[in-house]
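Model the placement of chain B on the given structure of chain A, informed by the hints.
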Amino acid sequence: MKKTIFYILSSLLFLLPALMLAVKSFTPVWKWGEPLSFEWTLRGWEVFLMDPRIYEALFVSILIALAVTFLNLMVGFLTGKALSHSVFKGKGLLETFLLLPLFIPTMAAALGLHITMIRLGLANQWLGVVIVHLVPTIPYTIKVMKAGYDRVGSGMIQQAKVLGGSPFHVFRSVELPLLMPSVRSAVFLTVTISMSQYVLTAVIGGGNVITLPIIYYPFLQSVNDTVMAAFSIAFAMLPVIAVAAVELLSKILTYKGTFVNRGVT
Amino acid sequence: MKWHLNKQTTLLLVPAFLFLLLVLYSLVMSFVESVKGPDGWTLSYYQSLFEEERLYASFGYSLWITLISTALSIVIGWALVRSFHTFIENSLGKWILWIPMLFPHFVWGYFVLLLLGQSGVLSSVLFNLGWLESRSEFPVLVQDREGAGIIITYLWKEIPFVVLMLLPVYTQLPKQYGEVIQVLGGTKKEYFKTIEWPWVQPVIVEVFLIVTAFIFTAYEVPALLGVQFPQMTAVLAYDWFYGISWDERSFAFALLFMISVVMSLFALLSFLMLNRRRWLISKSQHQR
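Chain order of the listed sequences is A and B. Everything in the first sequence is counted per the working numbering, starting at 4 for the first residue and increasing by one. Everything in the second sequence is counted per the working numbering, starting at 41 for the first residue and increasing by one.
Hints listed in this document are in silico derivations from the structure and should not be mistaken for laboratory results. Among these hints, one or two may not hold up.
[To be verified] Subject to a maximum C-alpha distance of 25 Å in a straight line, what follows is the list of computed DMTMM-like cross-link-like pairs (lysine to aspartate or glutamate):
#1 B:Lys215 x A:Asp153
#2 A:Lys34 x B:Glu173
#3 B:Lys134 x A:Asp54
#4 A:Lys6 x B:Glu236
The model shown is predicted, which means the values in this text are computed figures rather than measured ones.
Only chain A is shown next, with the shape it has when bound in the complex (with noise of 0.2 Å):
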């Protein structure tokens, strides 16, 4: 009975907002006072993929995403293991500093920096970007990894090491296979903030760096919803891709022939 009812009720209010914009997307464009039209259409997708300013910010937020996401992981390991793994003084203080940016405006982050980004000759780039993106994201991907280590516990690392293992072979025998779960959330919820950002692309890049965001504000004022549909489900697709993306570099990092999700899960 209760399972009925959440599923009712989340359908109609999670699954169905998505399925309609799905068809939405599929559909001419529906005027107001007119009857519902459903009559099945490519237009709103070629209009999309058609544009060529799609593909160039197409191409530079995936650019932003993958380099925020790296840097995002890279950090989560290191620090995710050292707050999980060991015990120093101010570990809770220094933990909770962590999470402070979340608790600032990100724009404060941007225009503070943006001064120094123009000295540095990184306001206008790329580069500039992804800085400014990690102030949203890492916070969380410390978060998420910490608590993957704590989940796994040090046992299987230190044995790994006891039996002799390289750092590099012991993170891609027993770490990576063991934290996979948490590297998934850390890089969906990265991605999917790193999509999300329109203000501070605006600020940093400058109308310089055109990802996604920055021309979904001004298709905006075509009334065409068709094609703001396909735009819409685009962005939703990106973040699985994403995580798709990254499945397939682990199994190629991860050393062959481990008993992967055996003993601690």
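The following block gives chain B in isolation, referenced to the frame of chain A:
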């Protein structure tokens, strides 16, 4: 137990310190920009900032939207977790909850505009059903003075966030605790007071702080669904930053710096108060 940072841990923490330095630096620079006048340091921008009518209008408007969105998201999200947590984990339902997380806030804002705008889908459908005479009969829910469209968008996006943050807390809550209470003849109220609340409180506080800080200072949704006046803080800061006069640019920095200080002090105090309790809880758990 080692109490001091050893060399290896320090090395692991270098990137984290660099990150903190970056954030701290940006805040210091915001402050510097807010007190830099044409002839030397001055606090006069803060003084004139508080004479700006736009500031008060913005604070009132932002606070109203933030508090109502945050409170409702947490209450509804928490209620959902409490009633459904037993089967959301490891089920299809969890994936449904992830769907709104896939979309950026402004995309969801566009969806709200498409669905609930005066010329939106809902109004069109109601007209076709003969329930509306004209589109002006449909309530102004988007780009309205009360910020209803903004609140709806945030609720829709934040409720799944609250659910996903609280879900692991409930699935990890040891069942034995409830059994102990039952055996000792405790009531549901006592169960909530002695077990459930202490267990979820840290996460509730954290979620409250994250959502509040985010909504109060986010730009994307109010820029899309807001009105010209009043504006939410981020939109106002953006306008001022790209404003014509130097004063306005300094206002933008002063406004954002003030919010940063207030919010981070608030968050810091909350965490310090929580940490003591959290320490007690972790003491009673097994060390892995």
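A quick look at each hint next to the structure:
1. B:Lys215 x A:Asp153: holds (21 Å)
2. A:Lys34 x B:Glu173: holds (16 Å)
3. B:Lys134 x A:Asp54: violated (36 Å)
4. A:Lys6 x B:Glu236: Within the cut-off at roughly 22 Å; holds.
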